[in-house]
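Asks: Assemble the complex: chain V is given as a structure, and chains L and R must be docked to it using the hints.
Protein chains in written order, with this note's numbering: chain V, 1 to 718; chain L, 1001 to 1102; chain R, 2001 to 2505.
Hints were generated in silico from the structure; no laboratory data involved.
All residues carry an ideal CB built from backbone N, CA and C; glycine is no exception.
There could be a bad hint or two in this list.
Covered by chain V, according to a simulated footprint, are these stretches of chain R (three or more residues, beta-carbon under 8 Å) [said to hold, decoys possible]:
1) 2304-2312
2) 2337-2345
3) 2375-2389
4) 2405-2413
5) 2437-2443
6) 2448-2454
7) 2494-2502
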Amino acid sequence: MSTETIIWLIPLPPLLAFFLIVLFTNKGKALSHSIAIGAAALSWLGSMVVFFRAVGVEHFGKEVFQSSINWLPTGDTWLKIGVLIDPLSAITLFFVAWTVLMIFIYSVGYHNYGQPKGDHDRPGLPPHGATTVDEHGHKHTVPSIEPMYSRFFAFIGLFAFGMFTLVVSDNLLTMFVGWEIMGLCSYLLIGFWYGKPSARNAAIKAFMTTRIGDVFMLLGISFLYSATGTLSYREIFTERVLSVLASTATPILGLSAAGLIGLLLFIGTVGKSAQWPLHVWLPDAMEGPTPVSAMIHAATMVSAGVYAVIRMFPLITADFTGHGLTTTMSIIAFIGAFTALFAATIAVAQNDIKRVLAYSTISQLGFMIAALGIGAYVAAIFHLVTHAFFKALLFLGSGSVIHGMEHGVLHTGDHSIDPQNMFNMGGLRKKMPITFWTFLIGGFALSGFPVLTAGFWSKDEILADAFANGHMAVFITLAVAAFLTAFYTMRQITLTFLGTPRTKSAEHAQETPWTMTLPLVILSVFAIGFGWVGIPEEFPLLGGLLPNWLHEFVGGTLAEHPEILPFNIMPLLTSLIVALGGLLVGWLVYRNVKSVEEDKLQIKVLMNKYYFDEIYDFLFVKPAYWFAETFAYKFLDQTIIDGFLNSIGGVAQGVGRAFRKYFDAPVVNGFGDLVGESAKRIGKTMAPIIQRGRIQFYMLASLAVAIIVAVLYYFLLA
Amino acid sequence: MSIPLSWYLILSAALFSIGLFGVLARKNAVAILLGIELMLNAVNINLVAFWRYGSGSIAGQVFAIIVFAVAAAEVAVGLALIISVYRRRTTVIADELDLLKW
Amino acid sequence: MDFISYHMLTTILLFPVLAAVIILFLPRDEIKVIRWAAFFASLIPFALSVWLWLRFDSNAAGFQFTEQYPWYQAINSSFFVGVDGLSMTMVLLTTLLTPLAILASFKITDRVKAFMMLFLMLETGMLGVFLSLDLLIFFVFWEIGLVPMYFLINQWGSANRNYASMKFMIYTMAGSLGLLLAIQMIGVSFGTYNLPELFKLWPVASELKNIPLGLPIETVKAVAFWAFVIAFAIKVPVWPFHTWLPDAHTEAPTAGSMILAGVLLKLGAYGFLRLVLPLYPAQAQQYAGALAFLAVMAIVFGAFAAYGQTDFKRLVAYSSINHMGFVLLGIAAAARAMGTMNATFALNGAILQMFNHGLSAAGMFFLVGVVYERTHTRNLDELGGLFPLAPVYGGILIFTSMASLGLPGLNGFVSEFLVVRGSFPILTVYTVIAMIGLLFTGAYILKGIKKVLHGPLNEHWVGHMTEINTREIVVMVPLMALILVIGIWPAWILEVINKAVTMLF
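Only chain V is shown next, with the shape it has when bound in the complex (with noise of 0.2 Å):
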């Protein structure tokens, strides 16, 4: 089959399985996990014949897999849509197939696949266990199975069918639909709970947030078509394309339309991958099962945030000349670079095992913005494949923990405590091994933890970059968020798993089965091994003796390979310390931190996020729905414009009554009844006049009347 009738059916299978489960196999849970697993399999099998393809190509990139048909009627002319795999889209294939493929393994188990069904469980509520009796007579309480089993696999079906069309697109157009796919996936498995009211709220938050980032999105995606008659990017980023839009000037902020467009696409970003100030909808985003959390926030929904602006890096930096970041890149340097310091203070103060990773996730994704704010291309594409795998490994491993913890709730019946909070965990290392060893190795990958962890080599290339760039405020701002970030992950570790347990619940935690591991031990390997294909070639002792394969395949997707910066030592070292540094402080504040009490770091702002969620209500989401009920409603339409219609009727019908009242029945009334009144009174009174009964009178008056009649005749008309 040739390359490209692959590419073009990679996201199908998934599509296919959530018709299939949503129409037909819905009450079947064994064939509706079937049916998402064998597809996201065969989009797996698609991704990886493809990208081992173009692996062998030589001079991948100047050479591609494309294929394209015409969609739309525009005019004379056809909008044409397709696929193409260049380098950067072959590598984001890779991972996401694997990310995906692994969720979905996870999703069995971690939907309790093959326990009974709840004793209060109904659709809508997270389960809450099932009393079984063993043959000794004992009544245990164990996990239930998801009543919405099915409809949770036809959802995360179609949320890989967004991921895979926006990978595999090659014009924006599609790429926007994937991407809004997702937003709609995101808000059905955010809110996959709806009985709870947090989960509603969260969903909502997530489409609403994002949306805002999408509707700038769509108005960049309308000024590119309209400047240059095309969406494709083979046909945008061109040379002649691209300096045209560099040079025509926007009224806005002085930014040249290439500016303007990859501003307006970035803020569409911001949104995606929660980036200052659209963060908000992440870490509500905890809300929906774990899986979810790992596909939004790992394999898919994030990355394809930072994905388009590495899409878009050469519109981005079309007037980049080199000395001098452009304004658009700037505010993407500052974006990204703040964004990766705000999250990290605010992850150091909690304690929902899922928050701290949530805002992991963001403070990561302000790594990989910053790093493309500043021009480093390829840095920011190993970082953004290093995080995918580790951060997935991560999410899945946390609601392993969980699992695990709520298996020694509901052993225990203690339902008050929270199996997501750490301070309710520890020692688990004892009970979940494999939890514990594959967290472990995500968590120093997430720290940069030299040479072993793939996250030290990407994150080692960003502050690289930065450093020989001579951006030193973001060198230094992303080096302390590293330090925070190898912090508040040995936090985390030395609180959920060593030490000794300090609930019961903890006590009675139990490993996770082999579907939910399995795919912790796959991502592991990656999270260890990938790192070592983009070893820089001057780096000590180890560079050379990999090629710096990464650098060679991904910089051909750009027109120019990117530079290759030569070795600094500072950067280099800056990472040892903040990473081991980070790791070794964490471990030895909270070796000995037993309750929540004891932690010096529960600052109350950080706690609350800056209570930006609270001024965000404040200042937009009250006003607006203010202005939507009040005003625009109440005010404005049934106030104003129907008062104003109902007082024409009401004037019209006072018109016509005045018109009745004193016109039609005095005047016009009246005249009839006058002319018929006086002739009566002329009647009544002449009556006895003149009619009297006597004859004689009657024929003297005629007499009178005939010789009157006779003069006047005879004087006047004769």
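Replies: Showing chains L and R alone in chain V's frame:
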């Protein structure tokens, strides 16, 4: 002879006026009828006078005879009406027969 | 057969009335017979219009399948009908929605005969507007469509139906007054009401023949332009002439709302496209900014007002205002820059949005009706948590809502994207403001879903909220299928529209 036409006409007019006066001013219904008769006869004199002093067409005489017949019929009917009224109301005074009033 | 194929349009146009007359003679008590008779009778124009669609040559300029019969020869007005790409889509929409609406009203048990008759007469009225190529016939059918709708709302509507139906009828008629005067003026000036001829004569007219008004022709044209615009603006509806719509839609019976939102609103937009733009190109260009302003107000205020509603049906009604705002935005952009590629985009988007909105609005109103029939309330605060009770209904509601929201992959996105793409270069600031409306579209849709499906389960409904039944699914399936097909592969309809647009403007 040399009696001019106008004398007959004046006579006829005088008679007619007397009759008219009778009709209008007499109280007794029978007297009113008498007045009507006088008027009719005055008309007759008028008609015959014009015949005698006119072109010779026989119409005047013929008309006079018709008037006779009509007068006779009308008197008969009139008297019959008066008698009928008298029987109901025991009066023949015209002023008292005012049922046709408002 | 030959007779029909030569008189295809008249057949499609008058068949519903004929069916209504036949239904008149059916016994009043045979409700089932009446319903099915009406349904099958409405399927025939649909089949014929599909035939028409397949035979339609989208590459040929001008009107096809034309028929002209003498009508009012003294003033040179004839019964002239014909289709081009624009009217073809609208005819297809009308004949598609009517059977679905009739199928949706199978629950009505009160005076079914009168209801079905009125419905079929309404169909003729609507089709007449789309098919007519004579100004006077256009006006006749324009007004005729009002009467059955008035009675449908007035007799089979909800609590506030008297006010709503009266407002609807009087308001629309008031707008038509100016239209009638302007039509008469045009007809008398040129001695003909024939549209194709007037398209050539009126825009370049430099003096008013036969009418001694003493005003310069430009003033007269401007006044006539506004007369036309106001009549159509009330129908579309354009802010601020929109307030009849929430009342009318909310109080109408389900099928009435489906047709009202699905087709009747398009009559106004069609009027803009068929009459205003070709007859008044200069005035349209001059006042395009004002039109765009009103369009953006409709988009933004419609979205906000929808967001602030507590009545589900009224929320959907305001969503109609929001979506039709996009149509008008596209039209205004095209008016400003007639003939350019951007205008083509905008018009393609506007016309496709007309078709798409017909589908999704009809679907949404029907789904509201489904809930209302079971729970007898439309109050969002009283409904809640219906998803577990009726999951299939919930899935269908989410699907249709997403179409209404403009989710890519479904039809709404294609048309909204085209409109935004088209109007962005022409009316940049307005387009940017319209994005606020787009943002809040998401807000109100999600609010609707949350309150109806997700909200805390109101135990009251357990046992009362039954799942959606087969008949109702049959009503929704064609709509959903079309929504999906147009979202994924819009070329089949967009080609026709595109060619028509490039040839007309």
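Asks: The structure should be examined with respect to each hint, and the outcome stated for every one.
Replies: These are the hints, each one checked on the structure:
1. 2304-2312: holds (count 6)
2. 2337-2345: holds (count 4)
3. 2375-2389: holds (count 3)
4. 2405-2413: holds (count 4)
5. 2437-2443: With 5 residues in contact (Cβ-Cβ under 8 Å with chain V), the coverage given for the stretch 2437-2443 of chain R holds.
6. 2448-2454: holds (count 3)
7. 2494-2502: holds (count 5)
In summary, the structure agrees with every hint in the numbered list given earlier.
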